[in-house]
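Based on the hints, put chains B, C, D, E and F in the right spot on chain A.
6 protein chains.
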Amino acid sequence: MLRLSTPGFKRFSQCDSFNVIYGGGEANVAISLANYGIPVEFITLLPENDIGNCALMTLRKHNVGTRHIIFGGERLGIYFLETGAISRASKVIYDRSNSAISRIEPGIIKWEEVFKDAGWFHWTGITPAIAQGTADVCLEAIQTANKLGLTVSCDLNYRKKLWKYGKKPSEIMKNLVEGCDIILGNEEDAEMVFNIKPEGIDVTKGNVTAQAYKSVCQQLMDRFPRAKKVIITLRGSISASHNTWSGVLYDGETLFEAPQYDITHIVDRVGGGDSFMGGLIYGLMTYTGDDQRALNFAVAASCLKHTIEGDYNLVTVGEVEKLMAGDASGRVSR
Amino acid sequence: MLRLSTPGFKRFSQCDSFNVIYGGGEANVAISLANYGIPVEFITLLPENDIGNCALMTLRKHNVGTRHIIFGGERLGIYFLETGAISRASKVIYDRSNSAISRIEPGIIKWEEVFKDAGWFHWTGITPAIAQGTADVCLEAIQTANKLGLTVSCDLNYRKKLWKYGKKPSEIMKNLVEGCDIILGNEEDAEMVFNIKPEGIDVTKGNVTAQAYKSVCQQLMDRFPRAKKVIITLRGSISASHNTWSGVLYDGETLFEAPQYDITHIVDRVGGGDSFMGGLIYGLMTYTGDDQRALNFAVAASCLKHTIEGDYNLVTVGEVEKLMAGDASGRVSR
Amino acid sequence: MLRLSTPGFKRFSQCDSFNVIYGGGEANVAISLANYGIPVEFITLLPENDIGNCALMTLRKHNVGTRHIIFGGERLGIYFLETGAISRASKVIYDRSNSAISRIEPGIIKWEEVFKDAGWFHWTGITPAIAQGTADVCLEAIQTANKLGLTVSCDLNYRKKLWKYGKKPSEIMKNLVEGCDIILGNEEDAEMVFNIKPEGIDVTKGNVTAQAYKSVCQQLMDRFPRAKKVIITLRGSISASHNTWSGVLYDGETLFEAPQYDITHIVDRVGGGDSFMGGLIYGLMTYTGDDQRALNFAVAASCLKHTIEGDYNLVTVGEVEKLMAGDASGRVSR
Amino acid sequence: MLRLSTPGFKRFSQCDSFNVIYGGGEANVAISLANYGIPVEFITLLPENDIGNCALMTLRKHNVGTRHIIFGGERLGIYFLETGAISRASKVIYDRSNSAISRIEPGIIKWEEVFKDAGWFHWTGITPAIAQGTADVCLEAIQTANKLGLTVSCDLNYRKKLWKYGKKPSEIMKNLVEGCDIILGNEEDAEMVFNIKPEGIDVTKGNVTAQAYKSVCQQLMDRFPRAKKVIITLRGSISASHNTWSGVLYDGETLFEAPQYDITHIVDRVGGGDSFMGGLIYGLMTYTGDDQRALNFAVAASCLKHTIEGDYNLVTVGEVEKLMAGDASGRVSR
Amino acid sequence: MLRLSTPGFKRFSQCDSFNVIYGGGEANVAISLANYGIPVEFITLLPENDIGNCALMTLRKHNVGTRHIIFGGERLGIYFLETGAISRASKVIYDRSNSAISRIEPGIIKWEEVFKDAGWFHWTGITPAIAQGTADVCLEAIQTANKLGLTVSCDLNYRKKLWKYGKKPSEIMKNLVEGCDIILGNEEDAEMVFNIKPEGIDVTKGNVTAQAYKSVCQQLMDRFPRAKKVIITLRGSISASHNTWSGVLYDGETLFEAPQYDITHIVDRVGGGDSFMGGLIYGLMTYTGDDQRALNFAVAASCLKHTIEGDYNLVTVGEVEKLMAGDASGRVSR
Amino acid sequence: MLRLSTPGFKRFSQCDSFNVIYGGGEANVAISLANYGIPVEFITLLPENDIGNCALMTLRKHNVGTRHIIFGGERLGIYFLETGAISRASKVIYDRSNSAISRIEPGIIKWEEVFKDAGWFHWTGITPAIAQGTADVCLEAIQTANKLGLTVSCDLNYRKKLWKYGKKPSEIMKNLVEGCDIILGNEEDAEMVFNIKPEGIDVTKGNVTAQAYKSVCQQLMDRFPRAKKVIITLRGSISASHNTWSGVLYDGETLFEAPQYDITHIVDRVGGGDSFMGGLIYGLMTYTGDDQRALNFAVAASCLKHTIEGDYNLVTVGEVEKLMAGDASGRVSR
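Line by line, the protein sequences are chains A, B, C, D, E and F. Using this note's numbering, the first residue of the first sequence is number 1, and each one after it goes up by one. Using this note's numbering, the first residue of the second sequence is number 335, and each one after it goes up by one. Using this note's numbering, the first residue of the third sequence is number 669, and each one after it goes up by one. Using this note's numbering, the first residue of the fourth sequence is number 1003, and each one after it goes up by one. Using this note's numbering, the first residue of the fifth sequence is number 1337, and each one after it goes up by one. Using this note's numbering, the first residue of the sixth sequence is number 1671, and each one after it goes up by one.
For reference, chain A alone in the conformation it holds in the complex:
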């Protein structure tokens, strides 16, 4: 996807140039993983023109495998971004109609071949929201991944403006999430997609917030029994320039809670969720059996994302671990 953003804090009408970045939900996760040293392949359909090729070069630059990418369709989806400040929200204008990926259909990607030697498949709720074809291909991929024994993760990533091809998110997403081992969402996704809200909270007992998250996670697990872990990212929007950031992970028994970070001078919050997912997959792969640590890595990684311009995260394992270890002092490293 091509992101065209206004420089600094300019409004659209003040610009005679746009900053250019090639990213997108799943691509952002892929770049995070490649940065952490995890071999990763990105699967998509790109238009066969210079703009599509620029997207490809961005992936290659960041060491994301591109050998399964297919060329076709007419255009790369675009979104315009105006970065907000304080009480003025950032603004996104989607211009994705008729994008190359919306033309994909089952059978085009040879999933069995793609998944050879792979251990993990990740998708997000953005893809099935685009078109019936992308939803079908997503299902095709998940079913193949399940068959071949890959771990399947998803980020629910509900985007109201996208679901336009006549199907209800709940309907489509149900079949897809059923094949998932790991489910990630933010505070609203579960309600928006599956109408799941906190239940049975006893305000007389302990941490009400924790009970609420646990209730949501438990309901998701009940509905999707394959899921072994449900993760919720927690953003507190104090202003466009200042957020809090944390997350919880539930494994069916324990609700792990990460420390909360105070993000006081946001550089770019777009891609926060994707960088969380990238950190989480890395954490679950690397700190096997230590879900708390995996969660903490995800939260710290995505906390750092807010200091990085662009959609995808550009930090190293060392930088994330330094923050996990409690050093948020920002002392010059020299």
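Bear in mind the hints are in silico, worked out from the structure with no lab data behind them. Possibly wrong hints are sitting among the right ones.
[What the hints assert, rightly or not] Within a straight-line C-alpha distance of at most 25 Å, the following computed DSS-like cross-link-like pairs (lysine-lysine) qualify:
1) E/Lys1658 - F/Lys1731
2) A/Lys322 - C/Lys729
3) A/Lys61 - C/Lys759
4) C/Lys835 - C/Lys865
5) C/Lys729 - E/Lys1658
6) B/Lys562 - A/Lys160
7) D/Lys1063 - E/Lys1427
8) F/Lys1731 - A/Lys61
9) E/Lys1397 - F/Lys1761
10) C/Lys865 - B/Lys425
11) C/Lys829 - B/Lys495
12) A/Lys91 - B/Lys395
It should be emphasised that the depicted structure is a prediction, and the values quoted were computed from it without experimental measurement.
For chains B, C, D, E and F alone, kept in the frame of chain A given last:
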């Protein structure tokens, strides 16, 4: 007016380019109003060169009517701006001597014609500060507006460095303000121009600050009996990067107080008062009879101005009302 | 020294341009002093190419004397800077090996001539860290300065990554610091260079922090009896975007403590210590006998430095004194 | 239309920003005319988002009337431009599928109302190439214009890549051009659209090139008897940086030939034809009865366009007439 | 003087930033000389604000002496520059009214002191064009220089738009030029200022152009008998992007002619004459007795100026001599 | 290698930013080949820091294999570039002392492994010029390549300023070139490295220039009998902005001559030779047996390079073949 500002937080001596914006007190108010959908005409004298023409194009771009603008004089007034940060103040260097507008004289503008179909006339204390001619033309306009039944508003806008042509501000301003229905000022203007200070405050009773503002407003109304509303903008300067912002409106009986906003990461505070005035005029015109709402609109609009680069505000009614409704979270709108 | 920094908050891999500034520890101090109106000469060895010449021009532009600068060697030392934000630290990559100054040797600079009419000599711990030659020349200068009766000041400025030519910092620095009248360091320098830590602190009594600093200062004075004043800069790193900043000065009897500034939206913290030293030398020269005022000037000056892009400070005596007087409101000066 | 172009001579893959300009065939003609002081209204359908609004603001800035513009549809058409040099051609990537204008249908624009007080209607071959709806609306406009007695002009403007909705250009264009009084094309348009080639040229007699153009013009006139003038722009592409430029006008009797300009250091050649058309309409309106002068104005105006960055021309009548008068010396005007 | 120029080839209305350069006729000559290693002092009146100070810093950066500069007045003169291309001329808008220098009066500069140890005084026709005061001070300087035996040179530099204070150029300039040893002008200056045109040319004999220049030079010498050398710069304006450039020097007997350079891709032609003068003074000082070489140096130096952005020349003696020696190949020097 | 270049035509002293590009002789050839679709691996030693990593990312972005790259050493070599214009030459300042690659030694690269599945090895004369170690490793590579039957090509690429480690170029290069099948040089390389000059030219017979090149090629072949083809690039430096460009290829029998291109508005000529080599290798690999076509491809490819900013070429096979086919018109491709 031509604003030449240093990029980012650079000092003058660090720059090999200046950012260029065409604005100015009354023009900023006009652009605000045009953004809110109010038909507006801007009256001035511009030099007949490319720089004057660029000023004209800025007005047209923002849908401000320009058909009464007259060309003449030699140069467009300039000011240089260095944007401060934290404990370093922003710095303004005026270079307005001999500007086109300073050459204006009574009779040049056909006010009767200009005011045909108009309902409101707004001027600021900057204009009569420039030259005897601008003061005279201002008086001419106010008197015509009074005669034709327009609402007349003013922003006292005291600028010490401007009053150089040998007259005292109090002397000149008295005649002008006498024709006004709406008077706006910041905390210092009333004292600087008319030597009006808070009086008769009873510290043993209630809100001392409110009493002080009420006293100032009441004195202004006593001295200028035509005035139906007096408004004071309230800025708390914690640092160059962090201000608080609010305002009060007094209608002769009630002192309406707006909520106070915490502006934590200022992008550009120049033009804050003008954007307040633009919001206020819109509010008074639109929310007839609801002065509290008009005041709140003005404060919220100008709060948002602090997130916008340049002298004039670039926000929509929808954005202001969202903030008035309490949503300062800055969540990405997508 | 040539600083190549990434624009905005970009990471190295995101840049297709670097910002260029010519600075360096002692040069930064010199520019501060020249800004305050103190006649100052800078002594160094610059490569005879355009890059060396650009460094020279920067000094001249800021009114630093350059008539004793010698040309030779091969290259100007470089450092790459990536500016951090919030929890992501700024990052410095040194590329100084084989720099022109590293080729200097005793006898090259005619110190007696250089010091004619001079009253003060300042050096920093960066210079002797580079090579045996720079350490030797430093000693040569200090001894000559001592002989001629100049005040000698130093900034310990410990940089672990520099000491590579086989000598221990303690060993080299001991001889050099022995010739100093004024010693400045940050919280770690004394320990890193001379293994001096706070001692004999009685936690039951008063201000423990003050006792700690006093203990360190006293030990330095004991070990270097020539020293008349020891100064410690105090940085609290809340995040890369938010620091606190202060300092203490000890004259052997009294520990003067400066007010602490809250630096909430850091523009550039590199060169903070150098700007402190520049302010301190100015203060000690100007407010003779009023060490508190000298210290306060140094702290206020370097507080302002954090609002300035680049390595060296660009503020006037008036601006520093305004802040010393308590005005940190950042109100637009117009 | 939104043009996103690479800065300088960068290729797409080298850019992290694109320059932004809002233009398009007919809009460019409209801006030219507004610059020359001709009152002009632009009719289109713009998406109701910030990008559509920016296009509107560009028109307003340049004094083009926008009161008949309608909002609707989803997106503004985009094209990406990479500016070539010497032997490397400029490259255009269209991304116009599903643009707002492609959704227009007969009945949406109230042409009778639009044309009230108008004297001239101009359209280009780009519009009917987009969709059946745009072709239908174009026909609707032309027929109304004919009925109301407006002069109708067209620029054939053949763009092979656009005609995708299943109709042949010849078929659609025939009906449209039949209503035109003035027909403009470049060397290839007549052949590409109507298969008209030079005929009956007698190489033994005089100016063969002139005969060829005359033959093409005559055939166009024979086929479209309403046409009173046919104009052909003549570009000689020596390289991407160096072109020659001229044009001929045929009125059914005489072939007027303009001087040929040598454009040696092209800044931006996009919009050359549109600026020709703008100049031509101005010329025909202003120099009534002097077709040679009208043609010369058109050629000189569009020659100057090649010195202007962006799609539309930004020159004054004075500047064009200075060049027509033979002054191409480029002496500084001061 | 502050030059504000549009970036690249943008027109004024396309810019949201201006490039900033501090220069001006005599300052440009001074910088040229300083670059060639000639000790030089610049005398002027600068406003005491940051803009004036930036002008000062530019001089210091380029090693021009500033110790005789006086502060006063209100503003620094400004000119706006739009760089042309091909057939579109560069455009200059002056905004110099009321500049600091226009306030100067006899007695302010202590010329006897300024000229101590000086050997050469240079002035241009721009200075006396500004105001009676500048003309008076100019005369004062020339008379003192004559008395003290300095060589006096002038560049006639006729600027029609400047002479506004009621005196004729011929009247004022006569008295000033009478004190000059070296007179420089371009092809028009002699006619515009003194109404001197070529006379007595015998078209049947040899080089008519040379005869014409000789005639003009001879008449100047006749009228100003102190003059020992008259020099004329010769610019052929093929287009705004392509000029030819040369010059002649007449010593009362011989007319020396320099080679003509073809300047095919002009970067910036402003300051061409000043860089010629700088080169000429250097040449006359250095190649004593070899006027041909001095002239060639001047022409080559100013030829190179056309490759340099900004008002003043930035080339070394080595670079000029390489071009004088015939190497215009532009081979990479590595 | 890190290239830091001044923007536009600025001189070093005018810049506050440098453009950043990572390239270098052999890397440029590798990127050319990757662009043409040839699988290619680049072998080097990069410093293990962000700057080294950026170089790596550039290679990956352009699809150059990096799996044999080794990390070590201290710094990436730098060169500073100031782009000239017209009669002012571009200027290069090398800052490569102590670069990572200079630390390489035989045995570090496992050439047998690297060359597995490879068919061609290319090196340039820059590498052995750096240090004894790089020369030794180069020899090691060539001998292994010879043993394994790879085609070996070299670009003599003589750079006087580099040969500083005490060996004569002729001495070192002799052993290396002996192992080469293809030898490329520019007009000076053969003389500078091997003292080979044109011989036995009969000015009374035909094309003297062709005889001269043939003589040089023949002598190179005589001295290096393994060589099957010798190629000479031919640059005519009319000015820094205007060159001619061609080349000849000699196969021991026939001297193939390419067409000469007139490069009239040079964007960036650095890397011209490398892009020639990239084109040549592609041509020889692809148009087997058609040396004329291979040569023409090389010349056309490198002609296009002059339109591309940066060290390496960014053109496709299609673009080169279009130019080979004679289309240098630069018509917009749309």
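Hint compliance check: list the failing hint numbers for this structure, sorted ascending. 1, 2, 5, 6, 10, 11
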